[in-house]
Amino acid sequence: VTGELARFALLARAVAGRPMAVVQGGDEASYTDGASIFLMDAPLPLLEASLMVQAGLVGAGSLDPWVMARLRGRRDVTSRYLAFEVARCAEVMAGVLPLRVTELLAPMTGGPVPSSPRESLAWAGQPRRAAPALPAWAGTIRPAKAGRAGAAPATGVPAGQDPPDSPAREALPEHDDTDDTERSRILELFASPLRNPFSSMIQKLFGLGRAPGTRGGGSGELSIAGGRGERPGGDATVLPSPIRSTPAAPGRPGGHRYPEWDYRRGAYRPGWCAAAEFDPPAPAPEAARPSAVDRPLRRQLAGLGFTDARHRRQPEGDVLDVPGLVDLVARRAAGSYDDVRVYETRRRTGRDLGVLVLLDSTGSSGDAHAGGRVFDAHRLVAARLTAALDELGDRVGAFGFFSDGREAVRFLRVKDFDDRYDHAARERMAALAPRGFTRLGAVIRHATGLIERRAGTSRRLLVLVGDGLPYEEGYEQRYASEDTARALDEAVARGVGCIRVTMDVGVEDEVVRHAWARVPHRRLSDPGDLARHARPLISEALRAAQASRRPVGSASAAC
Amino acid sequence: MLTQPDQRTRYVSVGNEVAVFEAAWRQKLPVLLKGPTGCGKTRLVEFVADRFGIGLFTVSCHEDMTASDLLGRYILTGGDTVWVDGPLTRAVREGGICYLDEIVEARQDATVAIHSLTDHRRELNLERLGGQRLRAADGFQLVVSYNPGYQSVLKDLKASTRQRMVAIELDFPAPDVELRILRQEAEISDDVAQALIRLGAAIRRVKDAGLREVASTRTLITAAALIRGGLPFRDAAIAAIAGPLTDDLELRDGLVTMIDAHAPPISGPDLSGRGGQGRSTKNH
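Protein chains in written order, with the numbering used here: chain B, 1 to 559; chain E, 1 to 284.
Hints should not be assumed to be uniformly reliable.
As the list claims (entries may be wrong) - Cβ pair distances, simulated, as ranges:
#1 E:Gly95 <-> B:Ala424: 19 to 25 Å
#2 B:Val319 <-> E:Asp247: 53 to 59 Å
#3 B:Arg522 <-> E:Leu249: 29 to 35 Å
#4 E:Gly131 <-> B:Pro315: 26 to 32 Å
#5 B:Glu510 <-> E:Pro244: 43 to 49 Å
Since the hints were derived computationally from the structure, they do not count as laboratory data.
Keep in mind it's a predicted model, so treat the numbers as computed, not measured.
Backbone N, C-alpha and C define an ideal beta-carbon position, used for all residues, glycine too.
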């Protein structure tokens, strides 16, 4: 049945204004948590109407976390609130709701309609005000669940575009996600709408509030200290403070939000991670500057990425070049017979290849290997690849990356697509040092976006140089490998070929194998081996990307 | 390439675009039309050319277009070569509108030819014709169109070209205007037109789900015309909207589901193509 309902996702998205999953659920009544709509069983026209109402609630902002927090445990007020909101939603969303749904909702829209969720809440609290009669198919609101996904921004929205008072980030008391009706009426008195120290105390006393030591929604800021690798920020003095989209610190330009795939739920967590680009600090004077010349590699890469270009006035070719022909006739009339270049031909001489080289600059790459750090070997590979492609005139960008929790996935610019691989870029390459963690899914999604926005070529390639092990607190094992594999699939589906090269340092982790199973990768015993492997590896990735290239725009299109 | 002025070219004004266009024509200023595919750019140009009774020379720009394709070239006739004017040269000589559709698709070396035409000189240099200089006739106007956000970053309009133009920004019309357009173009019932417009508005909200384009006014008109031609709502909308927008099967399923949901309420003959309760869940 889930497969059958999946085709309603686009319809729901059109009304909700953001990606929605449509699944079966809601035994008694349909409801939504802001990311998925759980539909109860019903005959088709009512199922559709139910879906439209729930999507409309999301689209009209009815799941406002501020309001949800005040509805918890108040079943009567909630159902009155829902009735007012459905009426408001029928009006606000009229332009995109199907006509038949508007007709079904017509009996509810006769009276006065509130202008905002907060007004609906106020009206719902006035017992004398008559609420519209709500049909059963409209479903219900579950404040505890709806507050969760709240009004998180949709995929890929730059962090800087968050509304200034982005409600998802307000500190809300996190309640147990149990049935609303079980809540004590006494506690309810203290729950809302006013918060004061006294009510907070009572809440804590009775266990209604946030338990000490838990993180809001299991998803709060992740500790960055005490993990492996160096303490991040120790030498990164020029790096800005962690990116966080709060009213006090508006998002920075260049920051983007990305979803993350949760295989356990079979759904994306929308807007889960934030990624942004920075410049690395100046390198220490004694830092190694890798020599980036690799002639065999350049020879191999020279044969890649060509596209047809038109060549005129050729001595031979498929079609006549009219201007050349006319000139010939003119010259003949003048008595000259030497030049007969009158053909036009297409030859594969135009370069059409955009490559983003990503260097794993996370803590794990600092491990020692063969007398140096694995990281240094990886950096050498990345530098050679970048230099060779830049010399060949391809569009190439190079970035290091690491993460400090899901809100701070960081790209360190070595060379953007428009930069040359010059002294300054080499210095930035030398400045990279291993630190932090590896939230690989968001890294790949951000990289895919960068290539799409800035490469400007039709052949696109993402090269990850590193061990490819996704790891961060709360981003481990199967969860991490599933998300990484998903992000790679998304990239390939969007026409970005992906490959990974890494130094061979023994047996690969099962997590790595699973994450990279569907993408070409090679393990090198020496950085010089790259020349031998580059061409087949890249060709394979580009072929896969060209073959699957289709307009699957955002990650969540398929859910 | 010369479009005969059609006395009945219809255009419903969305904002002040007709007034701006006409003022620019009177003041001999070139115009830059911006807007998504199918929002009525070409129709606006036709309408204005028709209104002033001047010729319209339309050139659809593409990558392989050369300056000669605009200016003209020598061709062979018998043993001799003869110069033939290109559309731009003809418009300059005859005093018509030369409309370069999707100008960013053309290579920049092809479009530099227009520079001297877009400033106070209003002159065209024909280097291949012995450096001849043509002064533009009175009614001449250069109009270019451009679809922002459609091209890759490498294909953008040069700032020096942009600055010479009067910009008119078009977008899809508001629902009530779009309703008038649909009714005017295809004479369908209010219900059906409403349903099409809501469907279009809904599809415009899911553009980032991976559609190449969204449902433009043009596709809505096409669907309306098919309905007028006797097709049920569902079939017409699939043929005119879902089919052209995507090749991806999943997305197509999603679009068909949207079309089903938006089919107008059944009154009298079944217009929706969804016979009663047992709707087929098979997808093509």
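Status of each hint after checking the structure:
Take E:Gly95 and B:Ala424: their Cβ atoms lie about 54 Å apart, and the range 19 to 25 Å is violated. Under the hint 53 to 59 Å, the C-beta atoms of B:Val319 and E:Asp247, about 31 Å apart, miss the expected range. A hinted range of 29 to 35 Å for the beta carbons of B:Arg522 and E:Leu249 is consistent with their spacing of about 33 Å. A beta carbon spacing of about 29 Å between E:Gly131 and B:Pro315 agrees with the range 26 to 32 Å that was offered as a hint.
Take B:Glu510 and E:Pro244: their Cβ atoms lie about 45 Å apart, and the range 43 to 49 Å holds.
Violated hints, in rising order: 1 and 2; the structure is consistent with all others.
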